[in-house]
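Chains A and B supply the protein sequences, listed in that same order. Position 339 (the first sequence) corresponds to 339 in our numbering; numbering is contiguous. Position 134 (the second sequence) corresponds to 134 in our numbering; numbering is contiguous.
Because the hints were derived from the structure by calculation, they are not lab data. All C-beta atoms in this analysis are idealised placements derived from N, C-alpha and C, irrespective of residue type, glycine included. Possibly wrong hints are sitting among the right ones.
[Stated by the list, open to error] Pairwise CB distance ranges, derived in the manner of DEER restraints:
(1) B/Glu-12 to A/Ala-57: 54 to 60 Å
(2) A/Glu-140 to B/Asp-35: 20 to 26 Å
(3) B/Ile-20 to A/Ala-31: 32 to 38 Å
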Amino acid sequence: MITFSDRQLRIPRMSRPVYLVTGGMSKFARAFPRKRTEELCIDALTEAAQFIDMTPAELKKYIHTAYYGHFADHFGDQLLGEAVIHDRLGLDPLGNIGIKTGGATGGSTLWEAFKTVASGYSDCTLAIGWERMDEVPTDEGNHLISCAADKDWETPLGHIYTGYYAVMAQKYWQVYGKEEESFRRTMAEIAVKNRGYGLMNPHAHGGKEITVQDVLDSPVVAYPLRAYDCCLMSVGSACAILADERTAYEMTADPIRIDVSAASHTLRVAGRRNMDIPLLPNETKDQYDDLGERFPGGERYPGFTGFLAARMAAYYGYNMTGVKDPSEDLDLVELHDAFTISDIQTYEDIGIRPYGEGRTYVESGDCYHTNPQTGEPGKLPANISGGLIGNMHAVGATGIMQAVEVAQHIWGRWAEMHGDEEKWERFERIKPGNWKDLQVKGAKRGLAISHAGVGSHVTATILQHPDHVLDRGDE
Amino acid sequence: MMKDEKDRGRVEVKNGRYKISGRFHIIEPNTPIFDEDGKLAGVTNPRDMTYIHSYGGEAVFFESLGKGKLIASRCDNPDCEGYKTIFMPFRIHCPDCLMRNTHVDITDRAKTNARVHTFMITERTGAFNTLPKPVKFVNVEFDGVATILMGSLAVGEPKIGMRVVPIFRTRDPTYTILDMLWVPAGTKQEELPEGYTFD
Chain A
1 MITFSDRQLR IPRMSRPVYL VTGGMSKFAR AFPRKRTEEL CIDALTEAAQ FIDMTPAELK
61 KYIHTAYYGH FADHFGDQLL GEAVIHDRLG LDPLGNIGIK TGGATGGSTL WEAFKTVASG
121 YSDCTLAIGW ERMDEVPTDE GNHLISCAAD KDWETPLGHI YTGYYAVMAQ KYWQVYGKEE
181 ESFRRTMAEI AVKNRGYGLM NPHAHGGKEI TVQDVLDSPV VAYPLRAYDC CLMSVGSACA
241 ILADERTAYE MTADPIRIDV SAASHTLRVA GRRNMDIPLL PNETKDQYDD LGERFPGGER
301 YPGFTGFLAA RMAAYYGYNM TGVKDPSEDL DLVELHDAFT ISDIQTYEDI GIRPYGEGRT
361 YVESGDCYHT NPQTGEPGKL PANISGGLIG NMHAVGATGI MQAVEVAQHI WGRWAEMHGD
421 EEKWERFERI KPGNWKDLQV KGAKRGLAIS HAGVGSHVTA TILQHPDHVL DRGDE
Chain B
1 MMKDEKDRGR VEVKNGRYKI SGRFHIIEPN TPIFDEDGKL AGVTNPRDMT YIHSYGGEAV
61 FFESLGKGKL IASRCDNPDC EGYKTIFMPF RIHCPDCLMR NTHVDITDRA KTNARVHTFM
121 ITERTGAFNT LPKPVKFVNV EFDGVATILM GSLAVGEPKI GMRVVPIFRT RDPTYTILDM
181 LWVPAGTKQE ELPEGYTFD
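With the rest of the complex left out, here is chain A:
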């Protein structure tokens, strides 16, 4: 059993509010044989500057410290990669630091940049992330990623990270999916949805029109996970500029409130011990008393079916911002759909659905931009960007991309950033004839979940329009 002290469960209180001023992204692709990483980072920073009608040089004048998210030095055979990018961005002599938390690197980079502004150390910070996953063969890439498991106890067992998720998929399918084929089809629906949304995103390299049957017929990567259940391996960059209130409103008329929380759990699923389920604001103390009766095997928490770090990041983040119920208080989410199964697990960890009922978020149509059953707007659309399955997973950039994508809906500028003919042409991609404006109408608040390993690190980034900031109830 693991218990937590009151001090550990204290809700963070920041010294001052923090705002997202702007953000930008490069094109994402499986490989960029003709571009260096710095070129991709400058593409992202340039887009961020242009978004608020500045030149990159003008934007740089505001930056006081820089945070660089880059997970895997060994992919690029370059230690201190952040120093290379810092130099190429011309940001010397500003203080900077590299952030590495696996798949959550992007979210963690935002977390650090956020705290720096909130503390008063800086009035304006740059958070920029990237990954270079094309500079080794795929099987070596799989080995390098598997080194994020325990190298003595797990990595030698196949050197394949997907396997560590596949065992969770198998267990979840048995316990909460009750071994029903319909559950497997629900998993597949997520891949269909996210790849479909990716088609509408010029940055994305995983967009594709597929069917549930295509997913079920795709090659097995690690049974029961198939190729279309898995995220992309990507190259690219994304950035965000954070500032205090006064500076933010100097830079733009439309900054967005941003709060970031973080939590962790063991990097090996094998090391998880049983504990009581920590509760979110929309859950009750006795809610899970009969979980094991309703779902035999579900009495083991987090077991192989949940992510404690995601639950705790939501716990801190919701209580920091006043989110009582994500489905009611938020208008859209970007989740870390590394695999279709982990997407479903996360619905429960962050309280979109109670434990055991994650599948209903998909089956109800709530997670869609437009509910396929009713033709009405989805209650809480997820991964309109295409997510990691349909858009990209350039690890260090991913969490930042998610936050910027959510913000573009709150800014009401999603169509401008995704429908621009010039951008499609510049990225050498063909805008689909049936391109659809996926702007979530009236979006005021959103959430991005950035997730590492098998749940070793998770961050929750909550974005709110300044005119629609939730009441935390203590101010």
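For this one, chain A is given, so just place chain B on it according to the hints.
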């Protein structure tokens, strides 16, 4: 491709320091990368390296596998909230009180009550994999042990809840986690992979 025996890097500890012999890296020149128009795009950077890694307090676990023993660890601090918790994977220290754990032989427990908690099967392994394909992960739970060990099934098809028993590479052990695999209860010695035994 494996290195010749004579080329393998070897390490001993003498007087508290590593003493190395053999070849730790093979130097190979880089090659240029051109595009379809013959224009230079980049270069390859060949690297052949051998890491030196200390098992520290976990060495007893990896050494015991080759002797047919499965060693777990237990918190014996009566003042700890995790008192008497048994860990497999082995933990050198209790994660709650950080006192050094006691070694516990759970070989018999593994032989009598180990079960598959979950599993997966893959043909797609990463570089440097040495297990035969398909690789079958089994996560194994034991009565009275707090955690669930990840391993590989060497014989048969995995199923949740199936009883399994450990087998050990007692001949030419590698001193890695691969010295212990799992087979369904009732498997016969002649069905085991070469070099592995039940004891």
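Checklist entry - Failing hints, ascending? => result none
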